[in-house]
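Visitor: Take a look at the letters that make up each chain.
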Amino acid sequence: MNINATLLAQLIMFALFVWFCMKFVWTPIVAALDERKKQIADGLADAERAKQDLELASRRSAEILREAKEKAGEIIGNSEKRASEIVEESKTQAKVEGDRIITGAKAEIDQEVFRAKEQLRTQVSAIALAGAGKILGREIDAKAHNDLLDKLVAEI
Amino acid sequence: MSSEMAHAATEVAHEAAHTSGDYIKHHLQNLTWGQLPDGTWGIAHSAAEAKAMGFWALNVDTLIMSFLLGAIFMFVFRRVAKTMVTGAPGSLQNFCEWAIEFVDTSVRGSFTSKNNMVAPLALTIFFWVFLMNLMDLIPIDWVPLLMSSLGVPFFKVVPSTDPNATFGMAIGVFLLVLYYSVKMKGFGGFMGELTLQPFGKWGMPVNFLLEGVNLIAKPISLALRLFGNMYAGEMIFILIALMGGAWAGFSLGGVTLFGSQILLSLGWAIFHILIVTLQAFIFMTLTVVYLDMAHQEHH
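Top line first, the protein sequences correspond to chains S and B.
At position 114 of the first sequence the residue is numbered 114 (the numbering used here), and the sequence of numbers has no breaks.
At position 282 of the second sequence the residue is numbered 1282 (the numbering used here), and the sequence of numbers has no breaks.
Be a bit skeptical, because a hint or two may be false.
[Unchecked claim] Straight-line C-alpha distance at most 20 Å; calculated DMTMM-like pairs for lysine to aspartate or glutamate:
#, chain 1, residue 1, chain 2, residue 2
1, B, Lys1082, S, Asp34
2, S, Lys38, B, Asp1104
3, S, Lys23, B, Glu1297
4, B, Lys1082, B, Glu1097
5, S, Lys38, B, Glu1101
6, B, Lys1082, B, Glu1101
7, S, Lys37, B, Glu1101
8, S, Lys117, S, Glu70
9, S, Lys23, B, Glu1097
10, S, Lys23, B, Asp1104
11, S, Lys37, B, Asp1104
12, B, Lys1183, B, Asp1141
13, B, Lys1082, S, Glu35
14, B, Lys1201, B, Glu1297
15, S, Lys81, S, Asp99
16, S, Lys37, B, Glu1097
17, B, Lys1051, B, Asp1022
18, S, Lys38, B, Glu1211
[Said to hold, decoys possible] Reference listing, derived: stretches of chain B covered by chain S, where coverage requires no fewer than 3 residues with Cβ under 8 Å from a Cβ of chain S:
#, segment
19, 1056-1068
20, 1077-1086
21, 1109-1123
22, 1168-1181
23, 1196-1208
[Stated by the list, open to error] So, partial list: chain B residues that the calculated Cβ filter (under 10 Å) puts toward chain S:
#, residue
24, Ala1071
25, Ser1091
26, Gln1093
27, Phe1250
28, Gly1253
Hints listed in this document are in silico derivations from the structure and should not be mistaken for laboratory results.
All of these numbers come straight from a predicted model, not from anything done at the bench.
Even for Gly, the Cβ is constructed at its ideal location relative to N, Cα and C.
Could you build all of it, start to finish, from the sequences and the hints given here?
Guide: Printed below as a string of structure tokens:
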């Protein structure tokens, strides 16, 4: 254990190892560690942001759901109203149509009655004429008693 | 230790005084390369030869082992640094990251200024010293036996039991302390710090003496603390190994010694794991603290 030039050699070796360690070991490893630290921090920040986004989205979806429900209720209400309107309308229309049909039918009946009356009148006058002829025993001149006959027809 | 065993031990020690002394000396001798007495350059074959080589000699075993261990450390960490992924790390990367964060945390704890060199320096010191110290746990006879079978006379496998290694590092740290002291405070500031406190300008010589000792004590204590701990640990391993080395047949004393060697070396090795780690950590922490002091203005 003499002190000799080994001392200097060790000193140089020491310096070289420290230099190597600083340049090729410490710097890249620490850089990588910092990089990872940054990645983790970014990841956490992303997660935080995603959480906020999720909260926002769920709030928004609740909003949309609520709106949709409202709208659906509105639509249902409208359609119910419309349905009752349609029913009402068709009821009115049916009534009008029915009235119209009834009126037509009545007019026709009136006409028919009138025509039957007319016919009946004509026949009655003929029968009356024939009856009178029989009663008188002779031919009644239709022409001579036309005025009388018309008066009779109008009376019936 | 029982009195019987102590008796046996003294008996054995007496018998093998010469050989145990040689054994210990052999284990504490570095493989030194330098100028031999006959003028040629080569490996010293005895402690006296190594001593006679003077300053311009190299402890080859210290250099080889410390380079090897440093290179292993750099290789492993460099490989991790190159294949570093920011995603889920593998187990080796995990270990390296743990090591780096550990060092980074302790540097942040005791180093208050900003300097990008200090943390890698601390990492290098911690792992290099740790690995060098760890060599102490290799059973002490294996490497010297292997080496002597290869024709190499000595081989100390723990570089940190060579004061050259510890002083080499401590002087490196000391130079950094000087450099940063001058850089941060200016030459005048640094000299002022050395001479103008604690007694003001009229006590300049006394101040210089006190502060000078304070300054010089840093690298010396740094180097000697590590060296002393590891040297003493090594010494105790050698002494424990001597117990079984005294084996001379199945006597009660022989068996007791052999059994004690196993138990004691196990116990000491387990305890030594603590010392190995602790000394590496202390060397690192003190380096950081000294550099921190160099960066700070004193008032």
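Visitor: Are the hints correct? Go through all of them and say.
Guide: Structure-based check of each hint:
1. Lys1082(B) / Asp34(S): 15 Å, holds
2. Lys38(S) / Asp1104(B): 18 Å, holds
3. Lys23(S) / Glu1297(B): Measuring from Cα to Cα gives roughly 29 Å; hence the hint is violated.
4. Lys1082(B) / Glu1097(B): 13 Å, holds
5. Lys38(S) / Glu1101(B): Holds, at roughly 16 Å.
6. Lys1082(B) / Glu1101(B): Holds: Lys1082(B) and Glu1101(B) sit about 18 Å apart, inside 20 Å.
7. Lys37(S) / Glu1101(B): 13 Å, holds
8. Lys117(S) / Glu70(S): 69 Å, violated
9. Lys23(S) / Glu1097(B): Measuring from Cα to Cα gives roughly 16 Å; hence the hint holds.
10. Lys23(S) / Asp1104(B): Distance of about 16 Å is within 20 Å: holds.
11. Lys37(S) / Asp1104(B): This hinted pair holds, its Cα atoms lying about 15 Å apart.
12. Lys1183(B) / Asp1141(B): Violated, at about 48 Å.
13. Lys1082(B) / Glu35(S): 15 Å, holds
14. Lys1201(B) / Glu1297(B): Given pair Lys1201(B), Glu1297(B) holds - Cα atoms ~18 Å apart, limit 20 Å.
15. Lys81(S) / Asp99(S): 27 Å, violated
16. Lys37(S) / Glu1097(B): Answer holds: Lys37(S) to Glu1097(B) is near 13 Å, not above 20 Å.
17. Lys1051(B) / Asp1022(B): 17 Å, holds
18. Lys38(S) / Glu1211(B): Measuring from Cα to Cα gives roughly 46 Å; hence the hint is violated.
19. 1056-1068: Coverage by chain S holds for the segment 1056-1068 of chain B (8 residues, Cβ < 8 Å).
20. 1077-1086: holds (count 8)
21. 1109-1123: holds (count 6)
22. 1168-1181: Per the Cβ count (4), the hint holds.
23. 1196-1208: As far as the segment 1196-1208 of chain B goes, the hint is violated, because 0 residues have Cβ atoms under 8 Å from chain S.
24. Ala1071: Cβ of Ala1071(B) sits 9 Å from chain S, so the hint holds.
25. Ser1091: With a minimum Cβ separation of about 15 Å from chain S (threshold 10 Å), the hint on Ser1091(B) is violated.
26. Gln1093: 9 Å, holds
27. Phe1250: Since the shortest Cβ distance to chain S is 38 Å, the answer is violated.
28. Gly1253: Since chain S brings no Cβ nearer than about 33 Å to Gly1253(B), farther than 10 Å, the hint is violated.
Violated hints for the displayed structure, listed by number in ascending order: 3, 8, 12, 15, 18, 23, 25, 27, 28.
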